[in-house]
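Chemist: The lines below spell out each chain.
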Amino acid sequence: MRRTTRALPNKTGETDQLGLLQPGVTLQDRYLVLGVLGSGGMSSVYKGRDLHFPNVTKLVAVKEMINMAADPTMYEMVVRNFEREADLLATLSHPAIPRIYDYFTHDSSSYLVMEFIEGRDLERLLHETDEFLSEEKAITWAVELCDVLTYLHGHQPQPVIFRDMKPSNVMIDQHGHIRLIDFGIARVFQPGQKGTMIGTEGYSPPEQYRGEASPAGDIYALGATLHHLLTRRDPRAEPPFSFSERPIRQINPHVSPELESVVNAALAYDPKERFDSVESFKGALLSAAKQTGILVSPQKSTALKLPSDVQELWSFECEDEIRGTPTVHQGILYVGCYDNNLYALDAKRGTFLWKYPTEGGIPTRPAAHEDIVYVASEDHRLHAVSADQGKLVWTYLAEGPIRSSPTLHEGYVFFGCDDAHLHVVNMMNGRRAWRAEAAGPIRSTPLVLDERVYYGCETGDFYCVDFRGEIKWRFRAKRAISSSPIMVEGILYFGSMDWTLYALEAEGGWQIWRFRMGRPTISSPAYAEGKLFTGCADGNIYAIDARNNRELWRFQTEHQVTGSPLVHEDSLFCGSVDGSMYCLDLRSGRKRWTYRTGGPITGTPTIAEGTIYFGSTDHHVYALLT
Amino acid sequence: MDLFKRIFGKKAGAAASPDGVKTAPLDPTTVSRATVKPLQGRILMGMAQSVGIERTHNEDSLFVLQGNAAGLETLPDFGLYIVADGMGGHRSGEVASSVSVRSVARRLCEDSILQLLAIDPLADAVPLQDLMRIALEEANQAVVDRVPGGGTTLTAVLHLGHQITVGHVGDSRAYVLKDGEVRTITRDHSLVKRLEELGQLRPEEAEVHPQRNVLYRAIGQGANLEVDVFSLPMPRDAFLLLCSDGLWGVVPDQEIRRIVTTSENPQAACERLIDSANAAGGPDNISAVLIFFPPE
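Residue numbers (the numbering used here), protein chains in the order written: chain Z, 1 to 626; chain X, 1 to 296.
In short, the hints are calculated from the structure, not lab data.
A hint or two may mislead.
What the hints assert, rightly or not - With a Cα cut of at most 27 Å, we get these calculated DSSO-like pairs of lysine-lysine:
(1) X:Lys193 x X:Lys178
(2) Z:Lys591 x Z:Lys290
(3) X:Lys178 x Z:Lys531
(4) Z:Lys531 x Z:Lys591
(5) Z:Lys591 x Z:Lys137
(6) X:Lys193 x Z:Lys272
With these hints in hand, go ahead and build the complete structure from the sequences.
Modeler: So, in structure tokens, the structure goes:
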């Protein structure tokens with residue numbers, strides 16, 4: 001276990017100038033400095049050993065106040081503040097407050113010797129994991145913090161306002177209990193002279209900017225700390241007082257609505273609207289815990305209800321797995337299957353109309369225009385068949401299996417092939433217009449826009465070519481790009497097997513940003529309302545702010561997400577290899593419903609006239625009414 | 001090598017000048033305009049700065065670097081525009097703003113603009129938004145290390161191809177003026193603005209609030225700096241204005257709009273904007289960069 005009492009950000013490069021004590025120095029012939037625990041602002045904290053106990057190692061924390069004030073009055077004030085902290089701590093007695101052993105001044109520096117707490121502070125704890133803190137833990141710690149604040153606020157003769165509640169000031173000791181550290185209070189605010197600045201801690205209540213300190217301020221700061229713990233969003237990285245813009249459950253749907261509303265009440269802008277005391281804050285936390293059952297059985301996770309506002313319209317069974325994506329065109333659903341057939345079904349009723357046999361599996365999405373359907377197959381061919389009867393019109397032979405879905409554009413079909421070429425074929429007669437080379441198989445669906453074609457390939461190369469097949473630019477990811485690009489406002493978005501979602505400027509191919517996920521992705525992103533959505537093999541469906549690649553929410557499915565999300569109105573539809581089709585709230589990522597099939601869903605859903613269509617590897621095509 | 005041929009191949013013949021021909025400066029009035037093909041859709045820029053009326057020192061820094069290329073289809077237009085407004089006593093404000101502008105400009109030039117010009121660009125280039133963030137963080141570190149007690153706002157816009165990427169800390173502003181509308185695209189990191197956003201202060205109260213210059217985020221105020229970084233499509237048939245609070249704090253948005261849209265060119269507009277701020281008392285240093293992006 002790491003031994004620290006606090007984790008202040010280390011100011012590298014400044015440590016020498018600050019004149020930190022070196023290990024080996026002994027203070028007052030008693031405290032041997034063993035190392036620096038943290039330093040920042042006006043003070044440093046060292047790990048020390050008390051030499052009055054020669055036979056055992058008694059560790060202490062030594063806080064050194066560095067007084068850099070040049071002005072004598074200022075200097076005096078800083079010393080007095082430090083003494084006040086020492087005096088205050090000396091009068092306090094609570095299991096969550098470190099005991100104080102000694103206070104002395106030496107060489108114009110002042111020192112405070114305190115109990116050494118073994119454990120980690122909450123900020124470090126947050127950094128060490130990617131997971132959300134469980135609601136149970138958050139409530140347990142919050143209740144303990146309420147207890148110590150209640151003690152402080154009830155202190156006689158005068159209440160003590162902690163004023164600096166934040167994750168880095170809360171330690172979890174080796175017994176799993178909270179300890180409040182750093183009573184370096186009496187934060188003196190500079191009057192707001194022109195050009196001066198005050199730093200916000202992100203956790204401070206609005207009234208602290210006016211110099212007011214009250215129990216309500218500690219309540220706010222505890223609320224802010226809880227908000228940070230539950231959402232993993234550091235308030236210091238956000239505008240002050242903006243918690244309401246980051247609703248807890250929107251970021252972490254596992255938090256119960258009960259706990260969310262308790263934290264929100266603590267974070268009310270107006271002190272009068274918060275809890276009237278820390279005790280009532282604690283009471284609200286406890287009753288939230290009771291309602292969600294945490295107090296009754298700590299292990300029980302919040303059971304997810306399955307709202308049943310989804311209804312199966314029909315399903316249709318083919319002879320093998322469906323891994324591709326259906327297309328609906330003029331009331332007919334077309335879908336390719338691993339039984340080598342292209343099926344045409346009545347979209348309303350699911351009745352069989354015809355099937356067209358190719359000689360290979362069909363992992364792609366058919367494209368339809370007027371009375372012809374184009375379908376690419378692993379039999380190396382692109383097939384054009386009549387939309388009404390499935391009669392062959394023409395085929396085009398490539399030199400490898402085709403796993404890229406065709407894109408239709410102004411009389412031409414664009415598609416990639418495992419033969420490492422982008423093929424462009426005349427829609428009327430199936431003759432090749434031109435083709436462009438790639439470094440490897442192309443399995444992404446080409447994007448055709450403004451006389452440019454964009455496509456990724458299995459070597460990780462991504463190309464922009466003009467209508468003569470000449471390369472305009474090329475970008476290289478570290479692994480294969482099977483995800484198909486989309487373009488929004490001049491920016492291309494696509495994922496790669498290198499675990500990354502890329503945003504590239506479409507004109508020159510420069511990276512605007514990249515977003516790293518937990519595993520490779522072959523899912524093609526979808527866009528709506530300034531957000532990007534993508535699936536990933538780490539099992540998540542992600543929502544990302546397109547402007548600055550911030551993660552807005554993620555939804556965890558039970559297996560890889562290889563299909564692509566589909567946006568319709570305010571819903572996001574996405575299948576998972578766990579066998580379910582999910583419908584999520586676009587804005588919060590909250591689950592609206594799931595629909596379970598008998599096998600992994602690897603394709604992308606299609607929507608037409610309020611009905612959502614998708615295939616599953618359980619051989620079925622499903623039509624659901626939303 | 002194909003690229004070289006395309007760029008230089010055609011010009012080989014034209015470069016040889018016929019013997020015995022004297023070259024003399026051409027008088028623009030005698031040259032028929034038809035011989036010169038004007039470059040359509042040029043980006044125009046103007047900039048101006050003033051110490052103001054009340055101040056004796058200028059603590060603002062401005063930086064502009066623009067590139068335009070013709071005939072090279074692989075080289076897009078680019079531009080880098082930075083405004084910084086320093087603060088702190090004993091000249092530390094002006095040092096902070098100039099140190100951070102240099103630091104940001106250097107990083108962005110090296111890693112984005114020079115990369116543009118490279119024949120073989122780096123295989124693994126840093127994304128522009130990351131680069132912008134790194135550039136501002138480095139500037140922050142430079143100010144923390146070199147200018148104790150100094151701080152600065154900094155707003156940087158990197159224009160590359162059809163996108164602009166903005167890095168922003170503090171209360172200098174970037175505006176987009178289009179179709180008679182003025183839109184602030186940056187968010188002031190000032191306490192008063194925050195209170196105004198929360199509905200705690202009315203805009204007219206905010207304008208006269210004694211703490212209106214108190215920032216909650218600035219370069220040079222500690223090791224950890226959170227930077228606002230975002231990208232937008234390049235505005236079309238529109239102006240981009242970067243300015244310090246010496247302008248926007250004194251000249252109302254609608255007056256800024258009126259001046260920008262009624263001036264002959266961006267340079268004239270900038271000069272009129274500065275005059276207007278000084279006419280209103282010039283309480284602070286004033287800096288403005290105005291860029292016109294042509295229609296598509």
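Chemist: Evaluate each hint against the coordinates.
Modeler: Structure-based check of each hint:
With a C-alpha separation of about 24 Å, the suggested pairing of X:Lys193 with X:Lys178 holds against the 27 Å cut-off. The hinted pair formed by Z:Lys591 and Z:Lys290 meets the criterion: a straight-line CA distance of about 24 Å does not exceed 27 Å. For a cut-off of 27 Å, the pair hint linking X:Lys178 to Z:Lys531 stands: about 25 Å separates their Cα positions. In summary, the hint linking Z:Lys531 to Z:Lys591 is supported, as the alpha carbons are separated by about 17 Å, within the 27 Å threshold.
Pair hint Z:Lys591 plus Z:Lys137 holds up; C-alpha atoms about 24 Å apart against a cutoff of 27 Å. For the suggested pair X:Lys193 and Z:Lys272, the alpha carbons sit about 23 Å apart, so the restraint of at most 27 Å is met.
Of the numbered hints given earlier, the model fails none.
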